[in-house]
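A.B. asks: Chain by chain, the residues:
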Amino acid sequence: MKMYFASFQDLLTMDGHGIYVWSTVIVTLLIMIWLLVAPILSRRALLKEVARDILRERARQTSPTNTQGES
Amino acid sequence: MSWQWFHRLGSPRWFYHNSARWLAWLCPIAAAVVLGGLVWGLAIAPEDAKQGNSFRIIYLHVPASFLALAGYYIMAIAGAVGLIWKMKLSYMVMKSAAPIGAALTFIALFSGAIWGKPTWGTYWVWDARITSMLILLFLYLGVMALQYAYHSIDAASKAGAILGLVGTVNIPIIYKSVDWWFTLHQPATIKFTSAPSMHPDMFQPLLVMIVGFYLFYAVALILHTRSEILRRERKTSWVRELLNEKNQDVADKKVGKS
Amino acid sequence: MANSINSGFHAWLKRDLLLAYRRRGEAASPLVFFVMVSTLIPLGLTPESARLAEVAAGMIWVMALLATLLSVDGLFASDYQDGSLEQLLITPQLLPMPLLGKITAHWLTTGLPLTLVSPLLGLMLSLPASGYLPMICSLALGTACLSLTGAVGAALTVSLRKGGLLLSLLVMPLYMPVIIFGTATVTYAIDGLNWLPPLAILGALFAASVALCPLAAAGGLRITSAN
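Quick mapping for you: the protein sequence lines, in order, are chains A, B and C. Quick note on numbering: the first sequence equals residues 1 to 71 in the working numbering. Quick note on numbering: the second sequence equals residues 1 to 258 in the working numbering. Quick note on numbering: the third sequence equals residues 1 to 227 in the working numbering.
Mixed in with the good hints, there may be bad ones.
[Unchecked claim] Under the rule of at most 25 Å between Cα atoms (straight-line distance), these lysine-lysine pairs were calculated in the PhoX-like manner: (1) B:K86 / B:K254; (2) B:K246 / A:K48; (3) A:K48 / B:K235.
Simulated from the structure, these hints should not be mistaken for laboratory data.
Make the full structure from the sequences, and use the hints.
C.D. replies: As structure tokens, this is what we get:
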């Protein structure tokens, strides 16, 4: 498979249409990357939240002020 | 007949644990196909006789449109499965599919608009395809907004599923109506290069990109569903165990154990 | 007698008509909106007859659609607030039938008046003479479809705060085929073509809506008790 364009410069400009094609490519790739990164970030944040919840619960259980009278 | 596999499929915990393994091989394959197809289409395929190099946008526009429409049906089917079998995991998949589909619809609209400028001199043309894509975007936004507005997760899922089904019934009607409306008002001078009549050198990378986008969609859907599972199941014991395992791994690494 | 399949229909039709009559002022507001906003069109566009005639059919249809959209929000709202919606959900009758009664009452108090007033607006907007009968027929069928489809959206959003905005978003895509074929009926007639085919398609949309929308609305209403 050889490249259709004569040089890398040609690939970028594409006879004047380069700006349209490349802006589309960049925006599309950014959105696609965002679709993959966002859930990973939120998963990490959720795991941290769950860890905090566990710590908070443990603290509440072992806390000296937690008496039988508390409803 | 043993339906055990089906009900096991509905367990969020099962999905969470197994999807990690699936992603391990799915991600590299998806990346390879998408990037390979993109290089093929942008740099190697010949340019179009009439449109020049701007037609290369097709390698993003068409796969995105396919997945946008297919994604709506995936979302609606997930909702239907959730309604019929009361499967929580199915509702989670439905909720995850919505923003992915909406983003892909936006990509389709954006790429279509940019493609229009060098081709017809304007960014927006009310042709049947773009108008249908716009309506699809509204349908997606509606399902997302409806689920967001409800307080109870159960009610939100059911409402989203019903709306998804209503949209499913309507999509063919809407598409056909818009198609008809467009031919009514404009002579058929504007036509995208339709796939079958394309030269194979230009058509093959398009097929690769479509496959690549399907793989990308699968990866994105699995990632979003995993995140949704954690969000909804955070109070369960298996999630707590998961966290303990992770903390144990981190602690082990710190101590230097293998 | 109480359990026959259509016993809910008449009861709720009469009830909603009576309620609308008691609040005549409120019930008339979609109609007033329709007429008022159609007066804005010449002010916004042009007073020239010829140019108005070009857009009259579409404009009247869009105004009718907006008027119906604004009114459909109230289909279940007051019932939800005073608890009669819950009563509706626990009656032994099949839920779609009372809903069909309510929707019919809604159409009788919004869609039908809009349809009957449309010739007046046609006059004001220089609608060509051949367009009047198609306008009335298409609006009659079309507003019925809009009421039915709007009820589905109203059912899904009745228990939400600010449900009205969300309702418009949900229901807009579903309204598009109706307006496409509704306007086409009128423009076909104005252009001298046979206007029955698009009207027939509108009729098919109406038939499908009558069959399916009450079911979907019933499903949507059952969720409200869970929210």
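A.B. asks: Hint compliance check: list the failing hint numbers for this structure, sorted ascending.
C.D. replies: 1
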